[in-house]
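Q: Letter by letter, the chains look like this.
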Amino acid sequence: MSTRAGQRPAVSKQQRKNLYLIGTLVATVIMVAGAAIAGRVSVPVGLALVLPAMVAVFAFSFLWFAALDELAQRAHYEAWFWGGSTGLLVAPLLIVSALLTGGQSDLVELALTYFGGGDNAREAFLNGVMVAIVPPVIGYGIWWLVFWLRKL
Amino acid sequence: MKNRLKVLRAERNWSQADLADRLDVSRQSVNAIETGKYDPSLPLAFKIAAVFGLSIEQIFSADEAAQAAE
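Keeping their order, the protein sequence lines are chains V and F.
Each residue of the first sequence is one higher than the one before, starting from 1 at the first, in this note's numbering.
Each residue of the second sequence is one higher than the one before, starting from 1 at the first, in this note's numbering.
One should not assume that every hint holds.
As the list claims (entries may be wrong) - Cut-off 20 Å, straight-line C-alpha distance, at most; resulting in silico cross-link-like pairs (EDC-like, lysine to aspartate or glutamate): (1) V:K13 to F:E57; (2) F:K6 to F:D63; (3) F:K6 to F:E34; (4) V:K151 to V:E78; (5) V:K151 to F:E11; (6) F:K37 to F:D63; (7) F:K47 to F:D21; (8) F:K2 to F:D63; (9) F:K2 to V:E123; (10) F:K37 to V:E78; (11) F:K47 to F:E57; (12) V:K151 to V:D69; (13) F:K37 to F:E57; (14) V:K151 to V:E109; (15) F:K47 to F:E11; (16) V:K13 to F:D18; (17) F:K47 to V:E70; (18) V:K17 to V:E109; (19) V:K17 to F:E57; (20) F:K6 to F:D21; (21) F:K47 to V:D69; (22) F:K37 to V:E70; (23) F:K2 to F:E34; (24) F:K47 to F:D18; (25) F:K37 to V:E123; (26) V:K17 to F:D63; (27) F:K6 to F:E57; (28) V:K13 to V:D106; (29) F:K47 to F:E34; (30) F:K2 to F:D39; (31) F:K6 to F:D39; (32) V:K151 to V:E70; (33) F:K6 to F:D18; (34) F:K2 to F:E57; (35) V:K17 to F:E34; (36) V:K151 to F:E57; (37) V:K17 to V:E70.
These are calculated hints, taken from the structure and not from any lab test.
These numbers come from a predicted model, not from an experiment.
Whole structure, please, built from the sequences with the hints as guidance.
A: This is the structure:
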């Protein structure tokens, strides 16, 4: 510990946390802008923005997480494990459903309706990516929210 | 786990935010510990004890149910 307990540090953990969060958000905006530029204007210019911004997002979010207090970190651990894992169950559920019905199940139709896809292989691939990402993120958010509602 | 955080804080006329500031945690964390909804880690328990100038045992104690089970 750098300071004795009860002694206020010059810059508190909370202040550092806010600073790192702002850094993460700014780097994320730059990353998204870079991706938009790469897709529409120039790939080299876009990548020159995206790649350093990705490193910055990772670095700032790492520092932000380290600056959280233990209860806030616990909320994210639980949300990641329980919420993310529960959301991840949607993908195997869809696979089983598709296997049992030859791809004609209501669940598969629902996923195609929300994420696009149809018979186009490229869109179907993106649909699969979305199915693997979106439900865990939703599960993460719900679990995180419920964690805090129970603790406060 | 039970704790005397609220009493000790009141004796010193500290708000939850004051204590949170001294512990370098959020006010929500202090509230969760105080109401028994969250048991702090050992390092944080030591920090709490140091802030109040007491030992951990003088602040935290096992639940009656947990004690009965031992």
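Q: Hint by hint, say whether it matches the structure.
A: Cross-check of the supplied hints:
A hinted pair counts as satisfied when its Cα atoms are at most 20 Å apart, and K13 (chain V) with E57 (chain F) does not qualify at roughly 27 Å. A distance of roughly 17 Å separates the Cα atoms of K6 (chain F) and D63 (chain F); the hinted pair therefore holds under the 20 Å criterion. Distance hint between K6 (chain F) and E34 (chain F) is fulfilled; the C-alpha atoms sit about 6 Å from each other, no more than 20 Å. Our distance criterion of 20 Å between C-alpha atoms is met by K151 (chain V) and E78 (chain V), whose separation comes to about 13 Å.
Using a Cα cut-off of 20 Å, the hinted pair K151 (chain V) and E11 (chain F) is violated, with the two alpha carbons roughly 25 Å apart. Proximity of K37 (chain F) to D63 (chain F) is assessed by CA-CA distance (about 13 Å); at most 20 Å being required, the pair is judged to hold. Restraint check for K47 (chain F) and D21 (chain F): satisfied, since their Cα atoms lie roughly 12 Å apart, inside the 20 Å limit. With a C-alpha separation of about 6 Å, the suggested pair K2 (chain F) and D63 (chain F) falls inside the 20 Å cut-off, and the hint holds.
With a C-alpha separation of about 55 Å, the suggested pair K2 (chain F) and E123 (chain V) falls outside the 20 Å cut-off, and the hint is violated. Between the alpha carbons of K37 (chain F) and E78 (chain V) the distance comes to roughly 15 Å, so the proposed pair stays at or under 20 Å and holds. Distance restraint check for K47 (chain F) and E57 (chain F): the Cα-Cα separation of roughly 13 Å lies within the 20 Å cut-off, and the hinted pair is therefore satisfied. Simply put, K151 (chain V) and D69 (chain V) have alpha-carbon atoms about 14 Å apart, close enough for the 20 Å limit, and the pair holds.
Distance check on the hinted pair: K37 (chain F) and E57 (chain F) sit about 19 Å apart at the alpha-carbon level, within 20 Å; holds. At roughly 38 Å between alpha-carbon atoms, K151 (chain V) and E109 (chain V) are farther apart than 20 Å, so this suggested pair is violated. Restraint check for K47 (chain F) and E11 (chain F): satisfied, since their Cα atoms lie roughly 18 Å apart, inside the 20 Å limit. Between the alpha carbons of K13 (chain V) and D18 (chain F) the distance comes to roughly 14 Å, so the proposed pair stays at or under 20 Å and holds.
Proposed proximity of K47 (chain F) and E70 (chain V) is supported: the alpha carbons are some 13 Å apart, at most 20 Å. Proximity of K17 (chain V) to E109 (chain V) is assessed by CA-CA distance (about 43 Å); at most 20 Å being required, the pair is judged violated. This hinted pair does not check out: K17 (chain V) and E57 (chain F) have alpha carbons roughly 31 Å apart, beyond 20 Å. Our distance criterion of 20 Å between C-alpha atoms is met by K6 (chain F) and D21 (chain F), whose separation comes to about 15 Å.
Proposed proximity of K47 (chain F) and D69 (chain V) is supported: the alpha carbons are some 13 Å apart, at most 20 Å. Taking the CA atoms of K37 (chain F) and E70 (chain V), the gap is about 14 Å. The hint holds against a cut of 20 Å. Pair hint K2 (chain F) plus E34 (chain F) holds up; C-alpha atoms about 9 Å apart against a cutoff of 20 Å. For the suggested pair K47 (chain F) and D18 (chain F), the alpha carbons sit about 14 Å apart, so the restraint of at most 20 Å is met.
The straight-line distance between the Cα atoms of K37 (chain F) and E123 (chain V) is roughly 46 Å, outside the 20 Å bound, and the hint therefore fails. Using a Cα cut-off of 20 Å, the hinted pair K17 (chain V) and D63 (chain F) is violated, with the two alpha carbons roughly 34 Å apart. Note on K6 (chain F) and E57 (chain F): the hinted pairing holds, with a Cα-Cα distance of about 15 Å set against a maximum of 20 Å. For the hint linking K13 (chain V) to D106 (chain V), the alpha-carbon distance of about 49 Å lies beyond 20 Å, and the restraint is violated.
Of the pairs offered as hints, the one joining K47 (chain F) and E34 (chain F) holds, with about 15 Å between alpha carbons and a cut-off of 20 Å not exceeded. The suggested pairing of K2 (chain F) with D39 (chain F) holds, with an alpha-carbon distance near 9 Å, which does not exceed 20 Å. Distance hint between K6 (chain F) and D39 (chain F) is fulfilled; the C-alpha atoms sit about 14 Å from each other, no more than 20 Å. Annotation: proposed proximity of K151 (chain V) to E70 (chain V) holds, straight-line Cα distance about 13 Å (limit 20 Å).
A distance of roughly 12 Å separates the Cα atoms of K6 (chain F) and D18 (chain F); the hinted pair therefore holds under the 20 Å criterion. Taking the CA atoms of K2 (chain F) and E57 (chain F), the gap is about 11 Å. The hint holds against a cut of 20 Å. Between K17 (chain V) and E34 (chain F) the alpha-carbon distance is near 23 Å, which puts this suggested pair outside the 20 Å criterion. For the hint linking K151 (chain V) to E57 (chain F), the alpha-carbon distance of about 24 Å lies beyond 20 Å, and the restraint is violated.
Distance hint between K17 (chain V) and E70 (chain V) is fulfilled; the C-alpha atoms sit about 13 Å from each other, no more than 20 Å.
Comparing the model with each numbered hint stated earlier shows that hints 1, 5, 9, 14, 18, 19, 25, 26, 28, 35 and 36 do not hold.
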